[in-house]
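Student: Note that the protein sequences, when read in sequence, are chains X and L.
When you number the first sequence by our numbering, it's gap-free, plus one each residue, and the end is 258.
When you number the second sequence by our numbering, it's gap-free, plus one each residue, and the end is 258.
The set of hints was computed from the structure by calculation and includes no laboratory data.
One or more hints might be untrue.
Remember, identical chains collapse to one label, so a pair may be satisfied in a single copy or spanning two.
Below, a list of computed lysine-lysine pairs in the DSSO-like style, where the Cα atoms sit at most 27 Å apart [stated by the list, open to error]: (1) K210 - K120; (2) K164 - K210; (3) K178 - K164; (4) K101 - K126; (5) K31 - K126; (6) K249 - K178; (7) K249 - K210; (8) K61 - K120.
Each chain, letter by letter, is given below.
Protein chains: 2
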Amino acid sequence: MAVEAPTYLGALQAFTPYEPEYVRMDTDDDGLIPESLERVLTAGNIKFIYLVPTFQNPTGRTIPLERRREIADIIKKYNALLVEDDPYGELRYRGRDIPPIKALAPDNVVYISTLSKVFAPGLRIGFCHAPDQISKWLVIVKQGTDLHTSTFNQALAAEYIAGGFLERHLPKIIDLYSPKQDAMLSALDTYFPKDFNWSRPEGGMFLWVEGPEGFDMEELYWQAVKRNVAFVPGRYFFSSRQEGIETMRLNYTMADEQTIDNSIKVLSEVIKTG
Amino acid sequence: MAVEAPTYLGALQAFTPYEPEYVRMDTDDDGLIPESLERVLTAGNIKFIYLVPTFQNPTGRTIPLERRREIADIIKKYNALLVEDDPYGELRYRGRDIPPIKALAPDNVVYISTLSKVFAPGLRIGFCHAPDQISKWLVIVKQGTDLHTSTFNQALAAEYIAGGFLERHLPKIIDLYSPKQDAMLSALDTYFPKDFNWSRPEGGMFLWVEGPEGFDMEELYWQAVKRNVAFVPGRYFFSSRQEGIETMRLNYTMADEQTIDNSIKVLSEVIKTG
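Start from the sequences, fold in the hints, and give me the full structure.
Tutor: Set out below in structure tokens:
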């Protein structure tokens, strides 16, 4: 199977027990590079491609519409299957919505999403829109895995959505998260060394920071934790674990703005003093 | 891995994606035959044994205490790992409780159970008691599989149990199911041909019926469904699917007693007329 480098850690953890051979695709600030996808599909036997195209975990990056069209054309040309994971698409703070790749290549995409980031993670309610034949297989797989998702929670979620509560709740989450993202970006601008770079996503929950070549972000992690600041070292989001040594993922959704500012300041001090 | 023949269909469906080699163990009316277990453990590399020792699905059979002691001694002797699946143990209508194998060989058994048969299947709440090291692995596996079970449902179940509601609810289920089992056993005695045999379990949800050698229970299924009576042909509970052609599983928990009597009568008519 083909994955972005970096990609969502939890997806790697879910796939790995089935012992797939991960084929890595290149990314830049606009996410997956279409030429890299085409190269991978030409070279080998790819069962499916896994992508988080919008406000990606861990980078926060979003694939622009023009590139989505190229990706859709490529998967149609090679009759490839794409799993489009979209947990964060509704958490947009700026800019305009971009259609999912599913809308551009419906027969080649299994679109998956969740209520975890917009309603309640504790309900464990996700959903998917797959081509007909794959939907039938997924029902069988779901039965073999856990028989079914809690009917109680499914009914609760259905009432929540049908009653218009999700629509009314979304603006509240966006009003909550957006200033936190601003606070973190502004603190990074203020405190972080000039040879560090980071993403400026228009939504989602994460920022991706790249230090200078050779910088060991995991070493920084152990120093920062002593001062009660934690983040996820970036290399865990690479299928090889050999890449991304100089990267980190920051999450701005849990702390208040003052704590975010203080924490980025502490991180910058730890970077400077080693 | 080693499984009883027959064993729980849903377990086979859960294990099969990992492509295990199933090693089949012999059973009789008292469940797993300990000599068969020892033979299997001597012969090969068994990662774990899967058993439903109490009111087994599909046969309803329960392994007696003396045999449980033998099984416990064997798994200790070979330092083998047993997964003891016990969803039905609380549904006892007659006779005395028998301790789980977990109690006889605690370091060699992962005991698993569920609230699905005694509280509500729609909550999807199960639980397990495993040796320490395996518990740590299970936490990691659980995170990789689905991160966690719904916190909302876990809290709901905890309140239900702590409040004593489960204890008060159990007698009601037993009073509901026990006469249904009586009705089905009595209907089988009345209507079924003399060359058919069936189990008479002291609890649980299932009866296991064996027809004469060569009798095709799947053919009977298709005839019976035309008259609105369904059951599960027994061969689906064998890892090989080559065995159990002449067997069937009956479930008496869903229908009322009159319907049970009528349905067994219809089945017997279909058996007699072909």
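Student: Classify it for me, K61 with K120: is the Cα-Cα distance of at most 27 Å met within a copy, between copies, both or neither?
Tutor: within (24 Å within a copy, 45 Å between copies)
Student: Could you place K164 and K210 in one of the four classes (within, between, both, neither) given a Cα distance threshold of 27 Å?
Tutor: Within. Shortest intra-copy distance 24 Å satisfies the 27 Å Cα cut-off; inter-copy 63 Å does not.
Student: At 27 Å max between alpha carbons, let me know whether K249 reaches K178 within a copy, between copies, both or neither.
Tutor: Answer is within: at 14 Å inside a copy they meet the 27 Å cutoff, but 84 Å across does not.
Student: Please work out whether the CA atoms of K178 and K164 approach to 27 Å or closer within one copy, between two copies, in both situations, or in neither?
Tutor: within (22 Å within a copy, 76 Å between copies)
Student: Between K210 and K120, at a C-alpha cutoff of 27 Å, which is it: within one copy, between copies, both, or neither?
Tutor: For K210 and K120, the Cα distance is within 27 Å only across copies (25 Å; inside one copy 50 Å).
Student: 27 Å Cα cut-off: does K249 pair with K210 within a copy, between copies, both or neither?
Tutor: within (14 Å within a copy, 74 Å between copies)
Student: At most 27 Å between alpha carbons: which applies to K101 and K126, within, between, both or neither?
Tutor: Answer is both: 22 Å inside a copy and 20 Å across each meet the 27 Å cutoff.
Student: Go through the copies and call it for K31 and K126: within, between, both or neither, with a Cα cutoff of 27 Å.
Tutor: both (19 Å within a copy, 25 Å between copies)
Violated hints: none; the structure is consistent with every hint.
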